[in-house]
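A.B. asks: Sequence:
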Amino acid sequence: MGDNSEVYTGIKKKGNINYPVLVPNAQGLEAAVKCGVKEIAVFTSASEGFSKKNTNCSIQESLRRIEAVVREAKKHNLRVRGYVSCIVGCPYDGAVHPSSVTKVTEALLNLGCYEVSLGDTIGVGTKQAIQNVLKDILDVATADKLAIHCHDTYGQALPNICTALEYGVRVVDSSVAGLGGCPYAKGATGNVATEDLVYMLHGMGMETGVDLRMLIEAGRYICGHIKKQPASKVNNALYSKYGLE
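Okay, so the sequence shown: first residue is 1 according to this note's numbering, each after it adds one.
Simulated from the structure, these hints should not be mistaken for laboratory data. Among the hints, a few may not be true.
[Unchecked claim] Derived lysine to aspartate or glutamate pairs resembling EDC-like cross-links, with alpha carbons at most 20 Å apart:
#1 Lys34 x Glu6
#2 Lys145 x Asp93
#3 Lys34 x Glu48
#4 Lys227 x Glu217
#5 Lys38 x Asp173
#6 Lys75 x Asp139
#7 Lys75 x Glu48
#8 Lys103 x Asp139
#9 Lys233 x Asp173
Work the whole structure out from these sequences, hints included.
C.D. replies: The structure is reproduced here in structure tokens:
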């Protein structure tokens with residue numbers, strides 16, 4: 001994350017688009033403020049093992065750090081979004097109980113996060129598992145305070161997102177061309193491909209405001225520069241059909 005400031009300042013901003021940045025600590029917040037960031041994201045885990053590997057501290061300590069960051073962020077009128085990793089399973093601790101996810105989610109909301117993104121970091125979630133998590137969380141939070149963040153390691157991201165939609169969640173994290181992953185989750189693939197997500201949502205009659213053809217072009221442009229094939233079935237299927245070769 002050493003070049004975050006350079007990346008952020010290099011983006012040509014549009015007025016109606018959010019550009020949140022991930023802030024791991026007070027130093028990260030200071031850098032974000034200097035860059036003129038309007039929104040930050042803070043993160044913790046529902047799994048002790050993952051928390052220790054990812055941030056070298058317990059869940060409770062991570063929440064204490066987040067509290068300090070949020071308090072300072074509010075002084076600068078920054079919006080704060082929260083992330084919870086490993087909502088279903090952890091590469092170190094195994095299965096994660098829904099109550100652990102609920103506890104951390106509630107804590108982030110109480111600290112001042114306007115929304116909490118629930119991350120199936122290693123992609124092991126299934127429809128039933130996501131249902132169990134959401135049923136538990138919705139006892140203490142409303143769906144408009146939640147987002148879903150599904151990795152597609154086991155090909156379950158889209159079904160799991162559909163499950164979240166059934167429970168009223170309307171914000172979905174995704175990644176162009178399915179890029180990404182996690183260095184602390186061996187074997188985990190990237191977040192669900194935005195192209196696949198948009199194709200599905202349009203097929204369900206939902207409005208996204210996203211031009212699928214332009215999205216596919218963007219995915220190809222990025223993948224061309226990093227010399228990777230898009231991890232998006234829709235991108236690969238429609239690239240030729242749209243005559244973009």
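A.B. asks: Among all the numbered hints in the text so far, which are the ones the structure does not match?
C.D. replies: Violated hints: 2, 3, 6 and 7; rest satisfied.
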